[in-house]
Amino acid sequence: MKLKKRLEETEILKFIKDGDQLLVGGFGLSGTPLTLIDRLAASSLKNLTVVSNNLGEPGKGLGKLLTGNLLKKAIGSYFTTNRDAVQAWADGNLEIQLIPQGTLAEAVRCGGAGIGGFYTKTAVGTQLAEGKEEKIIDGERYIFEKAIKGDVSLIKAQKADRLGNLVYDHTGRNFNPVMATAGKIVIAEVDEIVEIGTLSPSEIVTPHVYVDYIVQSNYAKKGGVYVASS
Amino acid sequence: MRQADRIKIAKRIVQELEEGQTVNLGVGIPTLIPDYLGDKHLILQSENGLLGMGPTPPADEVNMDLISASKAPITMEIGASLFDSSSSFAMIRGGHIDVAVLGVLQVDQTGEIANWAVPGETILGVGGAMDLVVGAKKIIIATSHTSKNGEAKFVKELSFPTSGITKADLAVSEHAVFKFEEGRMKLVEILSDISIEELQEMTEAAFTYDRLLVKK
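Chains as they are written, first to last, in the working numbering: chain A, 1 to 230; chain B, 1001 to 1216.
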């Protein structure tokens, strides 16, 4: 059986270039690939677009890419909790594309499922529908939302087996399974790497076909929160 | 708003909820609701991927990967299930949630909601608000009657950006309960000791009422 290539975190930069669109899992800091983000933040990459629900918190998680000036644009649903992001946008230093959370999840799901886009009632008649095609279906108003894909997906799971099958920790699952489907290259940061056969086929959430590389996390959970272990 | 008023609103909304309903609670006052359910049991949905949300855990059982949509630590009830964000919003947008209880910045007299942006201010967050407005079978608003600056939140026409064309069903403030029906707002109950004139004074939106209700 072909095992997934296990990468050292230092190797991930080989797969990411200036101007790439990155799909990043996580909800706030939960289920976020903190090690991969640290490695990016320490690089000289620039003009990146990040697709993620939030932009971490000020100076934490994806917030580090902002303070490190790696970002050109952020696409997500909720930036209010990172005042740095709001300020950078107000100063004209960051483009922001605001998308309803359900539309974001579905657009990425479509991107990974070979679907070009979808019609939804969400945001009909609002500022977020401006410029979007509208269509009446069975008497109700819908807008068209285009699928979202990425160059590289950076996701976080609890465990991977050596084939790359993934399981998640509770609500740390969030956007990770859909982000895993829609990137040309998918790198999964995990707390633990286990032997094939250890994970029950019934519990696997992300089948290995979606995952290209596995990186061991540098963070460990202590008292319920992730703490850098090195 | 005083905490006692926030609790009053939460308790009054509990009366509108039915045993076993699937409910999504927004941030702010709605998050008080689980504390005032009494014997009533609801299934709480959290849009970051959990059906069957339980109360806050003791400090030594906190797990940052088991959190609510407000990013606060939570627990799971027996029978809970976990899923990814696209499944969670399929649940919301597909009409599988019975009730959404939401805070608002404004609501107009037809029941249209504004709860995600303020003109001229840099608030860049919509989260799941627009999905919930469209998808939940019933929308209940939990709000202070006026803004912090004393401006009406129940308005004739929204001056803040709308959250969608779907109308709310009911709104509860510290002073009153209003129902929205066929594009009109109707006073159902007065919750404080103010007169109808005082209520009209602080409510820019036009509402109808039953005289018997007011005199009681």
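Simulated from the structure, these hints should not be mistaken for laboratory data.
Mixed in with the good hints there might be a few duds.
Just so you have them, the derived chain A footprint on chain B, three or more residues with Cβ under 8 Å [claimed, not checked]:
| no. | stretch |
| --- | --- |
| 1 | 1042-1051 |
| 2 | 1056-1067 |
| 3 | 1081-1090 |
| 4 | 1095-1102 |
| 5 | 1156-1167 |
Some residues of chain B that are not near chain A, with every Cβ distance over 10 Å (derived) [unchecked claim]:
| no. | residue |
| --- | --- |
| 6 | Ala-1004 |
| 7 | Ile-1007 |
| 8 | Glu-1016 |
| 9 | Glu-1018 |
| 10 | Glu-1019 |
| 11 | Pro-1073 |
| 12 | Met-1076 |
| 13 | Leu-1105 |
| 14 | Ala-1129 |
| 15 | Met-1130 |
| 16 | Val-1134 |
| 17 | Gly-1183 |
| 18 | Ser-1192 |
| 19 | Arg-1211 |
Think about it this way: if two alpha-carbon atoms lie no more than 25 Å apart in a straight line, the pair counts; the simulated DSS-like pairs of lysine-lysine are [said to hold, decoys possible]:
| no. | chain 1 | residue 1 | chain 2 | residue 2 |
| --- | --- | --- | --- | --- |
| 20 | A | Lys-222 | B | Lys-1071 |
| 21 | B | Lys-1186 | B | Lys-1137 |
| 22 | A | Lys-121 | B | Lys-1040 |
All residues carry an ideal CB built from backbone N, CA and C; glycine is no exception.
Exercise for the section: State the violated hints by number, sorted upward, taking the hints as numbered earlier in the document. Expected result: The structure conflicts with hints 4, 11, 12, 14, 15, 16, 22, although it agrees with all the remaining ones.
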